[in-house]
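K.L.:
Chain order of the listed sequences is A and B. Using this note's numbering, the first residue of the first sequence is number 1, and each one after it goes up by one. Using this note's numbering, the first residue of the second sequence is number 1001, and each one after it goes up by one.
The hints are simulated quantities; they were obtained by calculation from the structure and are not laboratory data. Certain hints may be false.
Said to hold, decoys possible - Using 30 Å as the maximum straight-line C-alpha spacing, the simulated BS3-like pairs for lysine-lysine come out as follows:
#  : chain 1 : residue 1 : chain 2 : residue 2
1  : A       : K108      : A       : K67
2  : B       : K1183     : B       : K1590
3  : A       : K146      : B       : K1106
4  : B       : K1183     : A       : K146
5  : B       : K1183     : B       : K1194
6  : A       : K117      : A       : K99
7  : B       : K1079     : A       : K67
8  : B       : K1650     : B       : K1590
9  : B       : K1183     : A       : K137
10 : B       : K1399     : B       : K1650
11 : A       : K108      : A       : K146
12 : B       : K1317     : B       : K1151
13 : B       : K1106     : A       : K67
14 : B       : K1650     : B       : K1194
15 : B       : K1590     : A       : K137
16 : A       : K81       : B       : K1106
17 : B       : K1151     : A       : K137
Model, not experiment: these values are computed from the prediction.
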Amino acid sequence: MQQRVITIILATGLCYSLFTLAAGMASWRLPDNEQGYSPVQPIDYSHRLHACELQIDCQFCHTAANKSRHAGIPSSDVCMKCHKFVTAAFDVMQEELNKADIEKRQPKQIVSTELRKLYDSLGLDDELNPTAGAEVKSIPWVRVHKLPDYVYFDHRAHVAAGVTCQTCHGPVESMERVRQSETLSMGWCVNCHRDASENGIDGRPASAGTSCAVCHY
Amino acid sequence: MTYKIQNPTGARHAAPDRNATEATPRVQGRGPAGLNRRQFLEAAGFTLSIAGLSGCGRAPVTTALPFAEQPEGVVPGRKLTYASTCAGCPAACGLLVGVRDGRPLKMEGMPEHPLSHGGLCAIGQALPLGLYDSHRLTQPHRNGKPAEWNKVDAAIQKQLAAIAERGGAVRFFTPTVASPTLKASINDFLARFKDARHVTFDAISSSAILDAHEKTHGARVLPHFQLDAAKVIISFGADFLGTWISPVEFTAAWQSRRAPTEAEPAMSRHVQLEGRLSLTGANADLRFRLAPDEYGLVLSHLLVKLDSLASDPRDSKHLPAPPLDESVIAELADELWSARGESLVLCDSQDVGTQVLVNAINHRLGNYGHTLGIERPSRQCLGNDADVIALIDELKAGKVAALLVAGSDLTHNLPDREAIAEAVGKLPLSVSFAERMDDFASLAQFVCPDHHPLESWSDAEPIAGLVSLSQPTLQPLGQTRSILETLARFSGRNESAYDIVRATWEKEILPRVGYQPFQAFWDQAVRDGFVEASIEPLTVGEFQPDAVQLVAEQESTGDLTLSLYQKVGLTDSRHAHNPWLQELPDPTTKVTWDNYVCVPEAVALKHGISDGDVVRIESGDGQTRIELPALIQRGQDDRVLAIALGYGVK
Chain A
1 MQQRVITIIL ATGLCYSLFT LAAGMASWRL PDNEQGYSPV QPIDYSHRLH ACELQIDCQF
61 CHTAANKSRH AGIPSSDVCM KCHKFVTAAF DVMQEELNKA DIEKRQPKQI VSTELRKLYD
121 SLGLDDELNP TAGAEVKSIP WVRVHKLPDY VYFDHRAHVA AGVTCQTCHG PVESMERVRQ
181 SETLSMGWCV NCHRDASENG IDGRPASAGT SCAVCHY
Chain B
1001 MTYKIQNPTG ARHAAPDRNA TEATPRVQGR GPAGLNRRQF LEAAGFTLSI AGLSGCGRAP
1061 VTTALPFAEQ PEGVVPGRKL TYASTCAGCP AACGLLVGVR DGRPLKMEGM PEHPLSHGGL
1121 CAIGQALPLG LYDSHRLTQP HRNGKPAEWN KVDAAIQKQL AAIAERGGAV RFFTPTVASP
1181 TLKASINDFL ARFKDARHVT FDAISSSAIL DAHEKTHGAR VLPHFQLDAA KVIISFGADF
1241 LGTWISPVEF TAAWQSRRAP TEAEPAMSRH VQLEGRLSLT GANADLRFRL APDEYGLVLS
1301 HLLVKLDSLA SDPRDSKHLP APPLDESVIA ELADELWSAR GESLVLCDSQ DVGTQVLVNA
1361 INHRLGNYGH TLGIERPSRQ CLGNDADVIA LIDELKAGKV AALLVAGSDL THNLPDREAI
1421 AEAVGKLPLS VSFAERMDDF ASLAQFVCPD HHPLESWSDA EPIAGLVSLS QPTLQPLGQT
1481 RSILETLARF SGRNESAYDI VRATWEKEIL PRVGYQPFQA FWDQAVRDGF VEASIEPLTV
1541 GEFQPDAVQL VAEQESTGDL TLSLYQKVGL TDSRHAHNPW LQELPDPTTK VTWDNYVCVP
1601 EAVALKHGIS DGDVVRIESG DGQTRIELPA LIQRGQDDRV LAIALGYGVK
C-alpha cells in the first residue's frame, strides 16, 4: 500500500517535470542565448509609435551609431527636442485644447505619467521649469542586447557597410517594448559575415572577415 | 604550499560502527516501501530536477545609464583625452587621461611635455586602480566613526581657534609638495598661528644633496640634473632610470644621448658604481660593485685626481687607499676631465660630506650651469631630514598642539612607530587628509579625505619655471573634498578648489608668462596642461672650497651593510594598496608581490643560503631585526644586503 503511494508520488513528479520541460523545449535556448528577452523598462517607451507611426529615423536618437562602437541610448535632453512641446498623447492634448476653447480659458498643461518620469530625470516641474534643488539623474534603462565581454562589436563598421538596424535588432519599429529578436550567437554572426562577403550587402560588395581576431581581440 | 587535512581518528575510512548504526536506525534502515532514504532521494531528485532544467534563467539584469544631459562633444563609447599632471609622485610628469563615457580609464604620457617627453612610469599607468579602489574613504571620520563635513569643519575650526589663542605649536606634515597652490594654501593656513611649521618628509630624501648645496653654494636647493647635456655620466648608486628623484624625465634625457644619429654619432658614456644591482646599473656602459659606505672614499680619490689634472693639487696624504684599482679611478678622472662642462657626477648618498664631495667634483669640472641647473632648481624632492627629526622629538616631548598630515602615512613611514603612535594619541588635535584609513588616519581624531588626483583641480611646478595644471576627469565618487577646499574651510572661507587654483594662476602665474587676458591664458593652459613661466633666477653664492673635506679614515668596517631602496612600482608606501603595482615584476629581480632581501652570492655561499630561504637580519646592536625570504642577486657588492621600502602596509 505504502509502496503504491510512493510510486504514485514519484510518477506524478516525473509527469510534472516532463510537462514543464516540454513547455520549455518549445523555446529552447542554449545558455547565454537571450533571444526573445524583453524586459520591462523604467519608461513605457514605444518604438512602434516613434519609429513606425511617426517615422523618426533610428539615428535621430541613437546618434552615435555611425561614430562610435556603441549606438548610444539617447540622453534625456534628446527626448526634450520634441517632448518640450508634446507632454501627453496627441488625442488627450487635443481634447484639452478643444475643451479650453469651448470653456474660453487657457488650456491646462497635461503631463502623461510616462513623460512625468522623463521630466523627473531632468528635474523639471509640470510647467517644464527646473525645480529648485532637484537632482538631474539618468534614466536606468534595462539593457536588452548585450554581448559577452570577450566580443568586440563596433556599430560604426556595420552602419558604414550599409547593414540595416533591423538585420540585427529585428523589426524594432513594430515593437511596443524592445525584444531581442535574434540569437546574437557566434554562428549567427559568422553566417551573416560569410553571406555578406559572398553576396554583398544590398547589392554592394562587402568584405566581412571571419577570422577569430575580427571580433575577439 | 601544502595543506594537510587532519583526520582525528587516524583511520583512512571510518569503519562501520555497529553501535552507531543501532543508535540511528532510521538513517540506515529500510523504510516500509522497500526504498531506503538514499534510494528515495535519488528517485525523487531525478524526477524533479528535470523541471529545474527548463527554468534556465536569463542573464542578470543590467542597466545602461545614458547621460541625463549629454555634454557637447561627448559621443558614447568614444575616448576623450584630457591634459593633466601625474600626481603619483612629486616628479609631476605630463599626463594624458583617456576618458570614456565619463570614466578615466587609460593614462598616457604627454609627448609635448618638456620634462617627461611622453613617458609615464608604472605608477602613472596604475593611477585608475587607486581611483576605483573600494577601500577609499567616502566621507570624513571623527574618532574613527563616519561624520558629516559641516560638523567636522566646525569642530576643527573651534579647536584651531583655541590653539591660535594660546599660541600652541601647529605642524603640517607632507611629502614634497610640487603644487604651488597647495604650498601657498598651507603657508596661508599656517600664517594664522604663532608657532607653525611645514615639515616636508620624503621616505628616500635628497636632504643630503640640499644640505650640501647650502654648505657649498649658500642655498638649500636641489639642482635640476640635465642628463641630455652630459657626455659623461658617473653615478654613485643613483638609480635615475628607476626611482631616483624624477626617473621618467631622466630616462628620456639619458635616452636622447644613447641613440646615435648621423648628426650626432657619439653616444654618452655612463659609468655606474653601486652596491645593489639597479635598473640603471644594468644599463650602464661600465659598472663597478661598490658598497655605499665607500662612495665617499672613491669620490675623494676622484676629486684629488681631478684637482691634479686642473694643476691645483690637493693635500691627500691622509687619504686611505681606495677600494677600487687606482688606474680605474685615474681613467674615470680622465674621462670626466676631457668632458669638462659636459659631464655629470651623481650620488644618492644620504651623507652630507659625501654630497659635498660630489658638488666639489661637479664644480671642478665646471658642470654647474651646464649639466646642473642651479638657477632654475628642481622642486621634486625637497624633504628635510633635520625638520623631521625635530618633529619626532617635539611629538615625543608633547610640545605639539595640532598635527595635520597629508599625502604621507606619518606613523607607518617613520621609525619607532610605537612611541610616535602614543604621542599622536595624546595630541590635542590630529587631522589626516588620507584617502584611505591608513595607519596614521586610524589614530587621528579627524580624517578629512582628499580627492583622488583624477577627481580634483591642482597644479605642480616640478622645475622652477615649468608650471602644469591638473584637472578633474570625473565627478568625485564619494563625499571626499579637495585638500585645498578643506584648508580654506579651516580658515573660514568657502571656496572651491577650482577657484583657489584659478586665483593662484591669475595672481602668481599670469604675471610670469606676460600680460594677456586671463581667460584666454587659462583656457590654453587647461588645454595644453602646462605653461612655461619666467622665473627670477636664483642667486647662489660663490663655491665654498672650505666646506670640502676628503675622507680622512677608512669608514668601512668590512661588515655587511644594509641598502634600503625603493622598488620601481611601489616606491614609498603610498601606492602599496595598488594591486597592479604589487603585481609588477621588479625589473632586475623579476619578483612580484612580496618583499625579500637581496643577498650577494658570496654571502649566500658563506652562510649556505639558497633562494627562498627565510633569513633573519639584525642590526649590529641587535636592536632591530627583520625576517625575510632571501633572493640571491648576482652583481651585488659582497658586503651589501638590499631590502626594498614600501611594504608592510596593513
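K.L.:
Taking the hints in turn, state whether each one holds.
P.N.:
Taking the hints in turn, this is what the structure says about them:
Proximity of K108 (chain A) to K67 (chain A) is assessed by CA-CA distance (about 41 Å); at most 30 Å being required, the pair is judged violated. Simply put, K1183 (chain B) and K1590 (chain B) have alpha-carbon atoms about 38 Å apart, too far for the 30 Å limit, and the pair is violated. Of the pairs offered as hints, the one joining K146 (chain A) and K1106 (chain B) holds, with about 24 Å between alpha carbons and a cut-off of 30 Å not exceeded. For a cut-off of 30 Å, the pair hint linking K1183 (chain B) to K146 (chain A) is broken: about 49 Å separates their Cα positions.
In summary, the hint linking K1183 (chain B) to K1194 (chain B) is supported, as the alpha carbons are separated by about 18 Å, within the 30 Å threshold. Of the supplied pair hints, the one linking K117 (chain A) and K99 (chain A) holds, its CA atoms being roughly 26 Å apart against a limit of 30 Å. Proximity of K1079 (chain B) to K67 (chain A) is assessed by CA-CA distance (about 11 Å); at most 30 Å being required, the pair is judged to hold. About 24 Å separates the Cα atoms of K1650 (chain B) and K1590 (chain B), which keeps this hinted pair within 30 Å; it holds.
This hinted pair does not check out: K1183 (chain B) and K137 (chain A) have alpha carbons roughly 37 Å apart, beyond 30 Å. Between K1399 (chain B) and K1650 (chain B) the alpha-carbon distance is near 29 Å, which keeps this suggested pair within the 30 Å criterion. Between K108 (chain A) and K146 (chain A) the alpha-carbon distance is near 42 Å, which puts this suggested pair outside the 30 Å criterion. Proximity of K1317 (chain B) to K1151 (chain B) is assessed by CA-CA distance (about 69 Å); at most 30 Å being required, the pair is judged violated.
Using a Cα cut-off of 30 Å, the hinted pair K1106 (chain B) and K67 (chain A) holds, with the two alpha carbons roughly 20 Å apart. As the CA atoms of K1650 (chain B) and K1194 (chain B) are separated by approximately 37 Å, the hinted pair breaks the 30 Å bound. Between K1590 (chain B) and K137 (chain A) the alpha-carbon distance is near 47 Å, which puts this suggested pair outside the 30 Å criterion. For the given pair, K81 (chain A) sits about 34 Å from K1106 (chain B) by alpha-carbon distance, which is inconsistent with the 30 Å threshold.
Taking the CA atoms of K1151 (chain B) and K137 (chain A), the gap is about 28 Å. The hint holds against a cut of 30 Å.
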